[in-house]
Structures are given as C-alpha cells and as structure tokens.
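Here the protein sequences come in this chain order: A and B. Read in order, the letters of the first sequence are residues 1 to 159 in the numbering used here. Read in order, the letters of the second sequence are residues 1 to 178 in the numbering used here.
Derived by calculation from the structure, the hints in this document are not laboratory data. Only a predicted model underlies this, so the values are computations on that prediction, with no experimental measurement involved. Any given hint could be a false lead.
As the list claims (entries may be wrong) - Quick list of in silico lysine-lysine cross-link-like pairs, DSS-like style, CA-CA up to 27 Å:
#: 1; chain 1: B; residue 1: Lys2; chain 2: B; residue 2: Lys91
#: 2; chain 1: A; residue 1: Lys96; chain 2: A; residue 2: Lys47
#: 3; chain 1: B; residue 1: Lys120; chain 2: B; residue 2: Lys91
#: 4; chain 1: B; residue 1: Lys2; chain 2: A; residue 2: Lys96
#: 5; chain 1: A; residue 1: Lys47; chain 2: B; residue 2: Lys91
#: 6; chain 1: A; residue 1: Lys73; chain 2: B; residue 2: Lys101
#: 7; chain 1: A; residue 1: Lys62; chain 2: B; residue 2: Lys38
#: 8; chain 1: A; residue 1: Lys73; chain 2: B; residue 2: Lys126
#: 9; chain 1: A; residue 1: Lys47; chain 2: B; residue 2: Lys38
#: 10; chain 1: B; residue 1: Lys2; chain 2: A; residue 2: Lys143
#: 11; chain 1: A; residue 1: Lys62; chain 2: B; residue 2: Lys30
#: 12; chain 1: B; residue 1: Lys101; chain 2: A; residue 2: Lys62
#: 13; chain 1: B; residue 1: Lys101; chain 2: A; residue 2: Lys47
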Amino acid sequence: MIRIVFVALAVLLSGLAAAEVADVYNFEDRAQEQRYQNLISELRCPKCQNQNIADSNAPISKDMRDVVYRMMKDGASNEEIVDSLVGRFGEFVRYKPEFESRTFLLWATPAIAVFGGLLVVAGVVIRSRRAGPDAPALSEEEKARVDKMLAAQKRDRPS
Amino acid sequence: MKRFLLFLPLLVAVVIGIVLFAGIGKDPTKLESALIGKPVPEFSLRDLHNPDAMLDQGLFRGQVNLLNVWGTWCPACRDEHDDLMWLAMEKGVPIIGLNYKDNREDALVWLDRLGDPYRKTIYDPKGTLGFDLGVYGAPETFVIDAGGVVRYRHVGVVNENVWEQTLLPVINEVREDG
C-alpha cells in the first residue's frame, strides 16, 4: 500500500517538475534570466485560455517567448515588450491588466468589498454601543407580548 | 429600512444571475483582434506561386478583401476550403491567402488538388506576418477594407452560416463606409 502511494506521489511530482518548458536561451547573467522568467510568467498564451507562455507548449507561446528573448537582447524595456505583444494579441495576454477605466472595477472590487464589510461591522458595533450594556433585552411592547403568550400557555396546560 | 435589508439577498442573487446569464453562449476561445481599426502590418514576403515576386501591404489597397490564414497542417482549414471555393467562385469575393508556417511544395499540391480560391497567396513559412497579425490558431479570416485597414477577424472555419451571419454584414458595412 505504502509503495503504491509512494509511486503515485512520484508520478504526480514528476509532472510538476516537467511543467516548465525548457528553451535553450543564453543570458548574460542571472538577473537577465530572472527578468526573462518573470516576463514570460506574466504573459498569457492566447491559444490556451489559462496558461502563461512559460508553461505552454503551444507553438504560439514558443513564438512569443522567442520575441520576448529577442526584444530583451535588443535592449527593450519590460513595458515595450509587453506593449508590443498586447498590440498584436490584445489585452488578453496580460495577466496583470493595466489600471484604466475599463479595468477599474476589477482592481477596485477587493477594496470595495473590504470597505463594505467594515461598514457593516461598524454599524453593528455602533448600534450595540448606543444601546449600552445595561439596555433591557426586550422593549416594553415585547415584554407585554411575552407575558401574554406565557399566560396563554399556562391556561392551555394547567399544571 | 429593515424591510429593504430583507430583500438584499434577492437583489444580490438577481445581479449575479444577470452577470452569469450574459456569459452563457460566449465562446471564451474567440478573442477580438487587437488590430481592428489599424492598418495591416508592414510586411515583405514572397508570393506562394511565384517565389521571385515580393508582396507587401499594398496588396490590400483598392477593394475590400478577405484575408484567410491557412496551412496544410491545419485540419480545420481543409474543412473550410470548399466553402472558400464557393465564396470565391459563386460569390466573387476577393480572398487573399496567407500560407502560415507551411512549406511551399505541400501548399502548392493542396491548391492544385482542392482548387485555389485565392486572388494571391502570401507565403509566410516562419509565421512573421501571422505573428504581427496576432494569429493564434488557423484558420482565421480577416476583413480588410479598401484602405488596407483591418475591420474584423473571425477565428475558426468559414462556412455558409458564418458568411451570411457574420462576414457579409461586416463587408456590407465596410463598403458603405467607403
């Protein structure tokens, strides 16, 4: 049994190890290579919906990696590289969309949700503060209703 | 106020429902081209039939053209070929072919055997023009206006349905614009 689990784990993990596509590119130093890796992991493959071009084996991803590498060699900035790909394939290829009027809600939703939650919490706290710790749990009207109900119950089931 | 709060979950459910409903039937694999409203990228590539002749973006000037991206390696391109023949022969639609990441011999055999619906075919073995056009999966068909500006892109096969419901209305609109 343990052996089966071990083999299954090994198979699963080998998949992880092979997920990164290995291209043969030469970089001047580690920083350049790191920059390249960051860029290709932030660019999305247009063919495969939800995979970055670092992971994707699609021919179009290979072309895009080639262009990223070539532009880097030519001294282009990260922004220029991403813009040139967005100009061809559209905003879809960005995993981090620009902050603009169209993407405002996308970026603002977490903040709006947190702010809304804080408002609710604040509302609850303020209301209980205002009532004070010694406030009666029931209002006069509610007390009268409870008394009436209890009296009715006593009448129905005399002990 | 209390009453209104009771209806809040219903309101949220309805809004989420509308948003999700709007997404039904949308094909997320079809992306709008980033080149719409922009001129066809500059290129200088050889003619498939005549390796000595160079073609460039001037090819698209003068009339509304379809630009069809295809390759012999692409099964869906085989699928739409008869419909392209029908468009070119019966409807007289000018189509320019972009032979994408293919090799010349195979492409010529293909056109010889199945018929050639293209006014001209651009030979793009490395896919450079395809890349500049943002082609991510053949077949793709672009509508290019008489000024050489990209007006529409269809991803996937062209058939009678797509022609009548999608491409023809776009072409008519483009022609009206002059």
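Quick rundown of the hints versus the structure:
With a C-alpha separation of about 66 Å, the suggested pair Lys2 (chain B) and Lys91 (chain B) falls outside the 27 Å cut-off, and the hint is violated. With a C-alpha separation of about 18 Å, the suggested pair Lys96 (chain A) and Lys47 (chain A) falls inside the 27 Å cut-off, and the hint holds. The suggested pairing of Lys120 (chain B) with Lys91 (chain B) holds, with an alpha-carbon distance near 17 Å, which does not exceed 27 Å. With a C-alpha separation of about 41 Å, the suggested pair Lys2 (chain B) and Lys96 (chain A) falls outside the 27 Å cut-off, and the hint is violated.
Taking the CA atoms of Lys47 (chain A) and Lys91 (chain B), the gap is about 32 Å. The hint is violated against a cut of 27 Å. Restraint check: the Cα-Cα separation between Lys73 (chain A) and Lys101 (chain B) comes to about 25 Å, which is no more than 27 Å; the hinted pair holds. Only pairs whose Cα atoms come within 27 Å are accepted, and Lys62 (chain A) paired with Lys38 (chain B) is accepted, the gap being roughly 25 Å. Between Lys73 (chain A) and Lys126 (chain B) the CA atoms are separated by roughly 20 Å; this keeps the pair inside 27 Å, and the hint holds.
For the hint linking Lys47 (chain A) to Lys38 (chain B), the alpha-carbon distance of about 22 Å falls within 27 Å, and the restraint holds. The straight-line distance between the Cα atoms of Lys2 (chain B) and Lys143 (chain A) is roughly 21 Å, inside the 27 Å bound, and the hint therefore holds. Only pairs whose Cα atoms come within 27 Å are accepted, and Lys62 (chain A) paired with Lys30 (chain B) is accepted, the gap being roughly 20 Å. The hinted pair formed by Lys101 (chain B) and Lys62 (chain A) meets the criterion: a straight-line CA distance of about 13 Å does not exceed 27 Å.
Under the criterion of a C-alpha separation no larger than 27 Å, the hint pairing Lys101 (chain B) with Lys47 (chain A) is consistent with the structure, at around 16 Å.
When held up to the earlier numbered hints, the structure conflicts with 1, 4, 5 and fits the remainder.
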